[in-house]
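Chains as they are written, first to last, in the working numbering: chain A, 39 to 406; chain B, 39 to 406.
Because the hints were derived from the structure by calculation, they are not lab data. A portion of the hints provided could be inaccurate.
No copy is singled out in the list; a pair is fine if it fits within one copy or between any two copies.
[Claimed, not checked] Here are the simulated lysine to any residue pairs, SDA-like style, with alpha carbons at most 25 Å apart:
1. Lys-80 with Ser-362
2. Lys-361 with Asp-335
3. Lys-328 with Asp-174
4. Lys-80 with Gln-317
Number of protein chains: 2
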Amino acid sequence: MAAFPFIIEATDGAARAGRLETPRGAISTPAFMPLGTAGTVKALTAGQVRASGAEIILANTYHLMLRPTAERVARLGGLHRFMGWEGPILTDSGGFQVMSLAKINEVSEAGVRFQSHIDGSRHDLSPERSIAIQADLLGADIVMQLDECVAWPAEEARAAEALRLSARWGARSKAAFGARDRQALFGIQQGSTFEALRRESAGRLVETGFDGYAIGGLAVGEGHDAMCEVLDYASGLLPPDRPRYLMGVGKPIDLVEAVWRGVDMFDCALPTRSGRHGQVWTSRGPRNLKNAEFADDEAPLDAALNCPASRDYSKAYLHHLVKSREILGQVLLSWHNLAFFHALMGQLREAIGQGRLDAFRRDFRALQ
Amino acid sequence: MAAFPFIIEATDGAARAGRLETPRGAISTPAFMPLGTAGTVKALTAGQVRASGAEIILANTYHLMLRPTAERVARLGGLHRFMGWEGPILTDSGGFQVMSLAKINEVSEAGVRFQSHIDGSRHDLSPERSIAIQADLLGADIVMQLDECVAWPAEEARAAEALRLSARWGARSKAAFGARDRQALFGIQQGSTFEALRRESAGRLVETGFDGYAIGGLAVGEGHDAMCEVLDYASGLLPPDRPRYLMGVGKPIDLVEAVWRGVDMFDCALPTRSGRHGQVWTSRGPRNLKNAEFADDEAPLDAALNCPASRDYSKAYLHHLVKSREILGQVLLSWHNLAFFHALMGQLREAIGQGRLDAFRRDFRALQ
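Take these sequences, add in the hints, and give me the full structure.
Listed below in structure tokens is the structure:
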């Protein structure tokens, strides 16, 4: 059943440090997945992404099915070859971005009918079509079921309806995916902020049986504390022997608290998006490099990080690039931010291995 | 007198293949210098610039004196350290860009008074101030004299006036520069399209005595044929034992024809600027990667080029990046274009060494 071996190497409370072994390489967990939206981690070469410490990236079905189209990517040899990334790729189902970016025409039991935000063209996305795009056309290593993510805050009845539709779509996704040796399928827990619904969702997912389990419906505006409250119960409802993936999260402090609550995988646009806008992440929180205080700062962003962007340029130079709106500023800040996020994952792994994660997260929080 | 040894290794007609030896490394000539305007070759890391084959880059005094200011670059250890480029750097004098970008308040015997295009602040640029900025504050390896470049077409009297002012500024630049072991000073020939004025200018420059000689006042709208006509006489008026640098040129065909006429060095924004706008250079001329013909093209830009951007991605992928306005498209196209320009310089060196440059340029022209 489990396509990819998932070895838990250490635990500390609910937190786990492990290794997810894929045919394209092992992923040390907790793992952060950079966002490679349209077949590129924005502003970075695949080599720079790899050098930042990434072992897996995420790509967006919605963007790719519209442009260049999944069929074209397939003709060109699949997504790995298309974008020059040899490591594992996780694709989302397309559902979340259809809901946030496209003009929705209809959500029905069959799936979603929508119009492209690029050219208004009409498309259908069903559980089966999403699997075909992800698994067969793009050739993703980890494939996500189509789900319906409700907005926050949600009425309980609305959240229940969405999780039940998601559960039925999950079962159809599993049937469409079938049995595969070299690709894995993850289900997605929904249920908004309602414990009983999260429990029902987890039960239905386990009944269907997936290679990994995602926690959806968070990072939709509820805030850090509410997210932690949901994770306090939602994470432990998922099978302990399979990877748990918290979708769309987050800030470094979110990652630390979610790992503490048993999450193994994350994805977020934050490090690259904030890097393109002049913001860098540090162990003392975010900094805006546009600020004049950096104009004469000879120190690098982080001399201890094994990343050229973090180590080899003064903050004064990066400030200059940001102020001058130079592309290289966007490149270097994105690169540093990814290196920072991956290094944080390494620190969390180490803290779990040494049984001092609680102390680590308290120290980390105190510095923010 | 000659700060940097210039060894001519082969000649073919007026063309020369050589080596300019600087304390920061040798430059094989003919050489193309990528434009590092504001302390960055736009969109590329210093490592990518080096990997493209660049042995020297050009930086702009005008941009750097305004932002982050030459004094700040000096405090931060000089331009090489600031931008992380260890090879030689040539800086222009600032004069050309003052004329094209700033609001000019006054051009006098003393120098130029202008207002910044960024914030309207007032500045003076004299021959002495330009030398201080380039040689002492930025720490350039090759320093250019301040000159006055007239627009094209120019009245002969106006062109004569400008070349004579440039000659006097050249002598003042030389006096301000003094004798230096680790830095070189280049004079700039003016005279527009008038042979007698080009001759007078060259004579005055040689009288002052420089480490190298630039040909200014071309690439200002006169077109390829008129440029070649001027080079037919202008290049040979400059001392044969010192490097000749044609400023602001150009397209590949311009480079080929100028090398044939005895030019050794070039700089131009073209490869990086056109790369940022979706244009790539090939041995068969420029191509616009936005065109639909590339949407399914599996071939790389140039499998024979030792550059990841040229070799490791399909044109279909690059087309997708350009259409999606992805920063990585700007990065990869800029990178490829630089690699193409540097490879062309290598082909010219080889053709000169083998005495077949005339055949090379005829073949090259036939493919454009």
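*Which numbered hints turn out to be false for this structure?*
The structure conflicts with hint 3 only, although it agrees with all the remaining ones.
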